[in-house]
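Chain residues, written in single-letter form:
Number of protein chains: 4
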Amino acid sequence: MIVVMKVGASPKQVQHVVQLVNEMGLKDHVIQGTERTVVAVIGNDRFKDPSVLESAEGVDKVMPILAPYKMASKEVKKERTVVPLGGTLGGKIGSQKVGVIAGPCSVESKTQLLEIAHAVKESGAVGLRGGAFKPRTNPYSFQGLAEKGLELLALARQETGLAVVTEVMAVEQVALVAKYADVLQVGARNMQNFNLLTAVGEQSKPVLLKRGMSATLEEFLLAAEYIMSRGNSLVMLCERGIRTYEDYVRNTLALAAVPELHRVTHLPVVIDPSQGTGKSYLVDSMCRAAVAAGADGLIIEVHNDPEHAMTDGAQSITPQQFAEMMRAIRRIAQAVDREA
Amino acid sequence: MIVVMKVGASPKQVQHVVQLVNEMGLKDHVIQGTERTVVAVIGNDRFKDPSVLESAEGVDKVMPILAPYKMASKEVKKERTVVPLGGTLGGKIGSQKVGVIAGPCSVESKTQLLEIAHAVKESGAVGLRGGAFKPRTNPYSFQGLAEKGLELLALARQETGLAVVTEVMAVEQVALVAKYADVLQVGARNMQNFNLLTAVGEQSKPVLLKRGMSATLEEFLLAAEYIMSRGNSLVMLCERGIRTYEDYVRNTLALAAVPELHRVTHLPVVIDPSQGTGKSYLVDSMCRAAVAAGADGLIIEVHNDPEHAMTDGAQSITPQQFAEMMRAIRRIAQAVDREA
Amino acid sequence: MIVVMKVGASPKQVQHVVQLVNEMGLKDHVIQGTERTVVAVIGNDRFKDPSVLESAEGVDKVMPILAPYKMASKEVKKERTVVPLGGTLGGKIGSQKVGVIAGPCSVESKTQLLEIAHAVKESGAVGLRGGAFKPRTNPYSFQGLAEKGLELLALARQETGLAVVTEVMAVEQVALVAKYADVLQVGARNMQNFNLLTAVGEQSKPVLLKRGMSATLEEFLLAAEYIMSRGNSLVMLCERGIRTYEDYVRNTLALAAVPELHRVTHLPVVIDPSQGTGKSYLVDSMCRAAVAAGADGLIIEVHNDPEHAMTDGAQSITPQQFAEMMRAIRRIAQAVDREA
Amino acid sequence: MIVVMKVGASPKQVQHVVQLVNEMGLKDHVIQGTERTVVAVIGNDRFKDPSVLESAEGVDKVMPILAPYKMASKEVKKERTVVPLGGTLGGKIGSQKVGVIAGPCSVESKTQLLEIAHAVKESGAVGLRGGAFKPRTNPYSFQGLAEKGLELLALARQETGLAVVTEVMAVEQVALVAKYADVLQVGARNMQNFNLLTAVGEQSKPVLLKRGMSATLEEFLLAAEYIMSRGNSLVMLCERGIRTYEDYVRNTLALAAVPELHRVTHLPVVIDPSQGTGKSYLVDSMCRAAVAAGADGLIIEVHNDPEHAMTDGAQSITPQQFAEMMRAIRRIAQAVDREA
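Protein chains in written order, with the working numbering: chain A, 70 to 409; chain B, 70 to 409; chain C, 70 to 409; chain D, 70 to 409.
Treat the hints loosely; a few may be bogus.
Put simply, identical chains are the same to the list, so a pair is met inside one copy or across any two.
Calculated cross-link-like contacts (lysine-lysine; reagent style PhoX-like; alpha-carbon spacing at most 25 Å) [said to hold, decoys possible]:
#1 K75 <-> K130
#2 K75 <-> K139
#3 K161 <-> K274
#4 K179 <-> K96
#5 K75 <-> K190
Calculated directly from the structure, the hints in this document are not laboratory data.
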């Protein structure tokens, strides 16, 4: 990191900073500029708290140089990580083929789930999404079918071969969800639920990690690092829109995250245009854009009767719309030398 | 809620919306405007999902009318809730006297904690903050002393009479933390950890609920409603800054939340200017502003040696600065007909 | 609009609102809900100020129903507006072919401009961008070559046939810029410079209107309405990224604006991935995504020597990178049944 | 500035950066870290474009050290600038006494203006605000009385002694507005209208500069620098709320800007709680908070009949509410050793 002293900082203050740096086991390098002095810190300060140096007298600000994550970094592993999804269709995220995960927001009933599962498989999906435990903003809203929902997901896998992707909301649910699911999803609201990150890192099923609604990419990658540092390196990063002042969407889908994440991490990137816009009529365009931008996977809410969906009807597309979208992205994937 | 039809929506589409509304057990009221038709929904639709109506053909948008929370609402209870903090000093949040909670970001050692505790008590604090379980963005950072930290907090209470306020990060920690602490804090990152909200709602110690870093006030109040709906009505709302594009602060402290929350809820409001700015040199001014704006309490990070603090040194003030700040806010409290 | 009364509003307060509505020349329609009364306002209230009703006693909030713009709206004109760019290459924005405008951030010299102009034409651009008047955040930065720059742009058009697109920053520059340029650009910082909007609306050259850095789409369309309401309907809407908390980009490129604008307006949509990311290494992916999302045009910063560019070197791509990008988007355009 | 090389950057790439730095007339200082090399740039690089170095091969990022403004900086002038407002009441902004400017959003009529002017003067205001030229988002809205409005403002000054503060929207209005007004206001939408900034910098009346709705403090100070660099140093900085995702307010009032601006600039700081919240019922609390936070002045919208105000009724308080607010802030000002 670089410690920038205030204009007029005294030699004694600079000396004190040098001493604090040395106390941390790091080397200092003092540079006298024409207006200010800066102290460059030499050594692996990745896990040191820059904040303490900001408290020292005469210090104006501290600027980190090194990225604070390591295992998620491309510096450690150059080639893209490929995550096998499970199920019997051989779906993967991170390979040359864009992997598509689709299904209802919530598992509601056997009929609903199987109808949707068959339809999305038919159109080319390799994974089935569907919430059994639902994080709901409102305590009085439908909270999911819990284990009953997980059983239905397992049944749908048996019938279709689709890999099951479903959310785990709490440490105490991890074992149960891992018993039924192929992929554990950590939702946006739990991206910094560090106990949950640790727990999914200590089991072996792949994890689909959603970006928090106002997380920076650095925080996002540090959340992945939590999981990886406990032994599970099968992490997929899912951009699902960030909170901004925009009001025509539920979230602002930040597609530049795709090339940026590819630049700094080896983990594959999935786009969620359903949460990422909140409007079914914007989903198709954003799926197209995501594939063109280089996304490794898509996760999409599909419902056979959105008007009666128990959750998120407004952002669900129908099986027919899904089929058309798949045809469209297949052509775009080819145009960028991939498949879908 | 109000369902706004698209320009040129057909009578059949309007009729279909009416039918969906009736299916929900609600009454409709169709209004033909000069350009558009709207369907007003009559009845308690507070817990209905407006999203499904957005999926119906011919619908442009759906606008909710009723606030989705109930127990937290001023409509249910007019007078301000007063939360007794515990400890032996009789501190309260929500009364005529502004209650001040102060202490280190993290509990680091017996000497550190006791020295700070005595100092802040001396200056007028009624609660002692200090993290034993620390939510850290980086998996390699100091994660807190855990139960050892809770024991030290209990010791500090014994020596000073200060009420102990400390964070609980996971469902499985609730019983342990509740055994030692007087007030359970739910951190910003866990504001929508619904399992945790439920768990703290099912025990009886007061809860200090921090606003999520990009939560709306409605989401904030729904998080409080989660706790209250499980039986615990002793909830304090803590504004700790929101994430914006601003770069001279760690967070943007949104002080208008104080009068707005007082307008819509009976729950008391606490301001955290340490997290709310991230800069020790801005804390004093923001404490002053918070009290003038009508805050019921303050929670402030104080450290006897910020340069060597294990966490958040840059936003901690010293015991001396704290003492001066207390003198300042005491005068301001009087000027707004309160005490501090 | 819909006026929502507070819980417990008195009949007299409702009556007063009805009277205010009638004073505005509009009809009222009072609806008694189970918990609240709302007053629906019937008639064209598009140009009435909802704010005044919010001041009336007993009113909780006022919700607009009608979009406040008219000429820019798809309700008035269904088919996409096609804007001919000028020059001799027949470039258009809004047609089946995606129109690409490229060139340096600033016009710096004859050699620089001609070299870049020839290169981008060769690769398929139809318009040449280049600033002669530069809006600079810092008063001490290079402010552009002014009329000399305009002359060079005209020369480049003569040599290449490219249409000239350049920014006009002030009312007093409009006539001068219109004399040389084919398209007048209004920059993001001037999106709500209403005098400038009026001035470019009163001349006949097409206008490329950039979205303000934190403008809503409604404000954006109202800015277009300013221009159109003065007689000039040749307006192109340019999304160039919005300001958010994200720090790996200069701006967050909100590509969902493409399908949303196509849904509500007939004006064509241009994407600026250079400003929209601020990083040359993200430009290619975002161009691809923009075309896949349905953008009608692109505007891209290209420099033959970014290391010595006088402005915005970090977001400029080279002529070689531009040529490759054009090949890529041509394939994507075909995959979405367009050309580029 | 500090140029951070990528991991594995070659010596040749480092050498090339050194050469670019030297070409700029600056000195280099290369530091070999354990993981990365950084090049510290020595000398006054305040007006150099860091962006060009970002384009060089092997460069990861460039971090500026020096603030890009100079005349607005506290490094140049330590003591607070005091701006005399004009009029005959001797009002000032920046002195020990908090200066209050109040009046209607728009000048509507002689009766309206004089009634409000007398009332606010009675309660202790020293300046009269009122728009004659109104920047309106909607082209069909009331645009102000123009010169007629300026004449009424001058009349109100004659009758009350209040200094006249009014907005100038365009270069061509500067001379006219300066003829009538005591203080020229530059609105938030024009904060980066550089031609206008230059024009108000070239005349001698004080300028009230509003912060752009998503401007950083650095951009805000650079806008002030534009004015000061043309010879006018009488600039007041006005925080009026920033655009965030919050929806209970029109803007989020960022009061930490008060102590932060006082830390980095000598220019006085004015708070606008009317624009800064958009809700009349939040104005009083925010005025109190602003004074407690150390604001040098307030600018407040007051209307004698908000329900019939031609603009911004919802955020205007009545003369009675203003009188009460003045009594409240007078007590708070004393509590922070100031007057109001």
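Evaluated hints:
| no. | hint | verdict |
| --- | --- | --- |
| 1 | K75 <-> K130 | both (8 Å within a copy, 23 Å between copies) |
| 2 | K75 <-> K139 | between (32 Å within a copy, 15 Å between copies) |
| 3 | K161 <-> K274 | within (13 Å within a copy, 47 Å between copies) |
| 4 | K179 <-> K96 | neither (63 Å within a copy, 31 Å between copies) |
| 5 | K75 <-> K190 | neither (62 Å within a copy, 34 Å between copies) |
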